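Chemist: Sequence:
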Amino acid sequence: MKFLLFSLIVILSFGAFGSFETKAEGNDANITLKGSPKEIGEQYGKQAKEQIKQNISLFQTMAPLANLTEVDLIHAANDYENFLAVENPELLEQLQAMATYADVRYEDLLAFNALEEEVMGDGCTTMLATGAATQSGNAYYHKTRDANRGSKQVVVQVEPDNGYTYIGITSAGSTGIAMGINENGVSVGNNVLSTWDTGSGYGNLVVIRLALEAASDAQDGVDFIENLQRASGSVYAVADRDEAAWVETTANHSAVHWVVDEAMAHTNHYILPGMEQFDTLESDPSNERWSWYLSTHNRLDRAQNLLDNQYGKINIQRLVKISEDQDPAYDDSTYWIDSDAEINGVKMGSVSTGTFDGSKERMWAQLGQPSVAPAIPFSVDRPHIPKPFNSGKQSDRVEETVGNRG
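For reference, each letter of the sequence shown is one residue, going -18 to -1, 1 to 388 in mature numbering (1 follows the signal peptide of the UniProt record, and there is no 0).
Quick caveat, the hints were computed from the structure, so don't treat them as lab data.
Computed from a prediction, not measured in an experiment: that's the story for all the values here.
Incorrect hints may appear among the rest.
The calculated EDC-like cross-link candidates involving lysine to aspartate or glutamate, where the alpha carbons are at most 20 Å apart (straight line), are [unchecked claim]: (1) Lys16 to Glu165; (2) Lys303 to Asp283; (3) Lys342 to Asp202; (4) Lys35 to Glu75; (5) Lys28 to Asp90; (6) Lys35 to Asp85; (7) Lys295 to Asp224.
Pairwise CB distance ranges, derived in the manner of DEER restraints [to be verified]: (8) Ser265 to Asp85: 39 to 45 Å; (9) Ala67 to Gln117: 44 to 50 Å; (10) Tyr293 to Asn144: 39 to 45 Å; (11) Pro46 to Ala114: 46 to 52 Å; (12) Ser198 to Gln286: 26 to 32 Å.
Here a beta-carbon is modelled for each residue, glycine too, at the ideal position from N, C-alpha and C.
Working from the sequences, and respecting the hints, build out all of it.
Modeler: Listed below in structure tokens is the structure:
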């Protein structure tokens, strides 16, 4: 397994009144973490200590709503530890060190990494556009990530000793990545899919991380994901500067659709031929606790309609604009989840958004509610914090960063 160097670009949370809060050790928001897996875990735990603790606390609060007992969490942690002990012992070293320096229990951090998406209800709306569908002819990938309000997100740059450099967004404490782009212009992300075909393997976010480390182009990324040992259901979006594909997966099956001269959306149910047989969206009552499962069909229709209206004109700025959609006429099918939404007593909302241009090896990141969060560009090789991303009033940042969307 490759040794990693993490650069934690900035740790942000979206406040209750629409403002960002910056959380970083010392005065420098651009924090470099490097060395062995143990050293990486130590530095990650130190720099993101409070955010990791908050995510673990939220995870434990939400677990009972997912019908998971303390015993279930212990079993999940043990199973994941046993898998990593064989497949990736270096990752265990990182988790152990991270737990120590973040002052959380190692077992709790293991359970969080094994079950985050299931417990936190991670749901997304994503888009791929290529060729004639885009203004430039290049390929683009866009993802809006929905989760429980309060989930702490981080932007990281990763430089594996034996893999490709990449930049991405994830939850503090996760060893995986929710969405990202590497030095070859390959972007990868996912949407959770509900399936009965599960097993021992890597979680969705770790699959993304490993694919970013390994992929030289979109085809390489697709092949890597299909051949990796996976734990559950997901659809992965993979794109480079020219090509893009959906990879719908379960633990043991997969299907691929290449997006050619089209713009195509995906949400939280299987849509590729032959994969519907693995879907438990409608048959599993536990899915009803999450608004994104309940709205997945409506959101897909809404997102696809927004894309169709922009066919031939799609660029980064237009994708970012789409991420801000909350048309009152589509009260139950908005593209992203309203920050004020409350489903079954649980506060819901978008926690991060990423828009990726492989031709520029660049990610536009929005942390918090995309209707007000500015889209800030981060290049893979230049992970600086452009002003006013981490300073000033929210209204100032929105006004002053409009130019970043082009």
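Chemist: Taking the hints in turn, state whether each one holds.
Modeler: Status of each hint after checking the structure:
no. : hint                         : in the structure
1   : Lys16 to Glu165              : 18 Å, holds
2   : Lys303 to Asp283             : 17 Å, holds
3   : Lys342 to Asp202             : 19 Å, holds
4   : Lys35 to Glu75               : 19 Å, holds
5   : Lys28 to Asp90               : 17 Å, holds
6   : Lys35 to Asp85               : 8 Å, holds
7   : Lys295 to Asp224             : 16 Å, holds
8   : Ser265 to Asp85: 39 to 45 Å  : 41 Å, holds
9   : Ala67 to Gln117: 44 to 50 Å  : 49 Å, holds
10  : Tyr293 to Asn144: 39 to 45 Å : 41 Å, holds
11  : Pro46 to Ala114: 46 to 52 Å  : 49 Å, holds
12  : Ser198 to Gln286: 26 to 32 Å : 30 Å, holds
Hint violations for this structure: none, all hints satisfied.
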